[in-house]
Amino acid sequence: MRLLRPVEFKRVFSAAERYRAGPLTLLASSNGLEHPRLGLAISKKSDKRAVQRNRIKRLVRESFRLHQAVIGAYDIVVMAKPGIATSSAPELRKALERVWRRMADSCDDC
RNA sequence: GGAGUGGGCCAGACAGUCGCUGUGGGGGUAACCCCGUGGAGGAAAGUCCGGGCUCCGUAGGGCAGGGUGCCAGGUAACGCCUGGGCGGCGUGAGCCGACGGAAAGUGCAGCAGAGAGCAGACCGCCUAAGUGGCUUCGGCCACCGGUAAGGGUGAAAGGGUGCGGUAAGAGCGCACCGCACGGGUGGCAACACUCCGUGGCUAGGUAAACCCCACCUGGAGCAAGACCAAAUAGGGGAACAUCUGUAGCGAUACAGGACGUGUGGCCCGCACGGUUCCCGGGUAGGUCGCUUGAGCCCGUGGGUGACCACGGGCCUAGAUGAAUGGCUGUCUACGACAGAACCCGGCUUAUCGGCCGACUCCCCCU
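Add 284 to the 1-based position in the first sequence for the working numbering, that's all there is to it.
Because the hints were derived from the structure by calculation, they are not lab data.
Hints may contain errors.
Said to hold, decoys possible - Simulated pairs of lysine-lysine, DSSO-like, Cα-Cα distance not exceeding 30 Å:
1. Lys378 / Lys332
2. Lys378 / Lys341
3. Lys329 / Lys378
4. Lys294 / Lys332
5. Lys294 / Lys365
6. Lys294 / Lys328
Said to hold, decoys possible - Label pairs and their in silico Cβ distance ranges:
7. Asp389 / Arg333: 32 to 38 Å
8. Lys332 / Ala373: 17 to 23 Å
9. Asp389 / Ala334: 32 to 38 Å
10. Ala369 / Arg295: 25 to 31 Å
11. Ser372 / Lys294: 21 to 27 Å
12. Ser372 / Phe297: 15 to 21 Å
13. Glu318 / Ser372: 33 to 39 Å
14. Lys341 / Arg304: 17 to 23 Å
15. Thr309 / Arg349: 30 to 36 Å
16. Pro374 / Lys294: 31 to 37 Å
17. Glu375 / Glu301: 35 to 41 Å
Built from N, CA and C at the ideal position, the CB exists for glycine as well.
Based on the sequences and whatever the hints tell you, model everything.
Listed below in structure tokens is the structure:
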């Protein structure tokens, strides 16, 4: 499931726990649902090339899709830091997996 | 074989597997599921021009502002393209050029130099009439004067070469070349040619300086714009209820008066307030705009070409926190720049590697 509306993004930004996965920053806030939801906020500051931004988004979405069963009921917004384009795909994938696991551990409801 | 010039094309492929999304069909109350089928670029980029489309403005015309700038053609249009002209570069194939006007006016030009735009005597050359000095009495020198041949300065010194001419020189005169104007010839034209005449020659550079001339030109953009439309608050309107009286057993009808709560001791005032329905504005959200179009492919014909005409065939991304990806194999080894966002035509910029045919120069062999 994805986060779509501006209000939903605002809610996560205002009250969220921060996680770091290499050059990625994740904001998580429990949503009271049965499943996690993902929102992406990869700005032009991270990298001005659209191709690179698309690459990051695909990679994050794919990792989220494969692990969504183990993540708790969180709304998650993923942001990228400048210079992220230098990171390789396997690097980012590993970092994300570690974060998903930490999230799952700290989730009270599951 | 080497070096090079200018075009066209491709932009990893195949298989498996897990996903995303448009669409057609089927199933399901629905969420959704199953099957089929489509899914980024040559630049999708920069947003620099031109057009379509949309809304706003607009009687018509002019000015201002902006743009374009050799000529002809192509085109929906262009600052684009094609062909031609002119100038420059290259042995050549070819390449490059904001390439109208400087005898309408204004402005600008560092350094050097005597002088830089109605030219100018620093050196030099000439002269010895006049003034002055020296004198071996032949002359010599300075001033005055003449001179744009030569030197020197400069990006540029006011046509070039030769002959005549002269005190020395000078378009001063002549010939040839160049230049300007007029005519002629060729060309639609830009322009070219120089058979002809005229002029001794003047007109320097700069117009991505103002300017002049010719032509073009409303503004804003798909977050354009059109439609549907909650919840909450609020606007306009109607009816009814609430109170009293009368008539009636009653439902109700008629008439009249405004009521309650809060703030005030009280009055006035101020604020808030019932139910139902209708109307219009409008937010979140949603739908359309949204992909069939100056479209693509093939053929025939016309044209040097850009391109056009005709015939046949094809449908080829339409997302909206924004889809085309991940993984694993294999392949004469690994791959650049880079991601559609209303749509077209161009330009410019970025770019690994490869393929095709055309042309030029050099070398070697036959």
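Right, here's what the structure says about each hint:
1. Lys378 / Lys332: 24 Å, holds
2. Lys378 / Lys341: 15 Å, holds
3. Lys329 / Lys378: 23 Å, holds
4. Lys294 / Lys332: Distance of about 24 Å is within 30 Å: holds.
5. Lys294 / Lys365: Holds, at about 19 Å.
6. Lys294 / Lys328: Holds: Lys294 and Lys328 sit about 19 Å apart, inside 30 Å.
7. Asp389 / Arg333: 32 to 38 Å: With Cβ atoms ~36 Å apart, the hint holds.
8. Lys332 / Ala373: 17 to 23 Å: 20 Å Cβ-Cβ, so the 17 to 23 Å window holds.
9. Asp389 / Ala334: 32 to 38 Å: Once the Cβ atoms are compared, 36 Å apart, the range 32 to 38 Å for Ala334 and Asp389 holds.
10. Ala369 / Arg295: 25 to 31 Å: The hint (25 to 31 Å, Cβ to Cβ) holds, given that Ala369 and Arg295 are roughly 30 Å apart.
11. Ser372 / Lys294: 21 to 27 Å: 33 Å, violated
12. Ser372 / Phe297: 15 to 21 Å: The hinted range 15 to 21 Å is violated for Ser372 and Phe297, with Cβ atoms some 29 Å apart.
13. Glu318 / Ser372: 33 to 39 Å: 34 Å, holds
14. Lys341 / Arg304: 17 to 23 Å: 18 Å, holds
15. Thr309 / Arg349: 30 to 36 Å: 20 Å, violated
16. Pro374 / Lys294: 31 to 37 Å: 34 Å, holds
17. Glu375 / Glu301: 35 to 41 Å: 23 Å, violated
Of the numbered hints stated above, those contradicted by the structure are hints 11, 12, 15 and 17, listed in ascending order.
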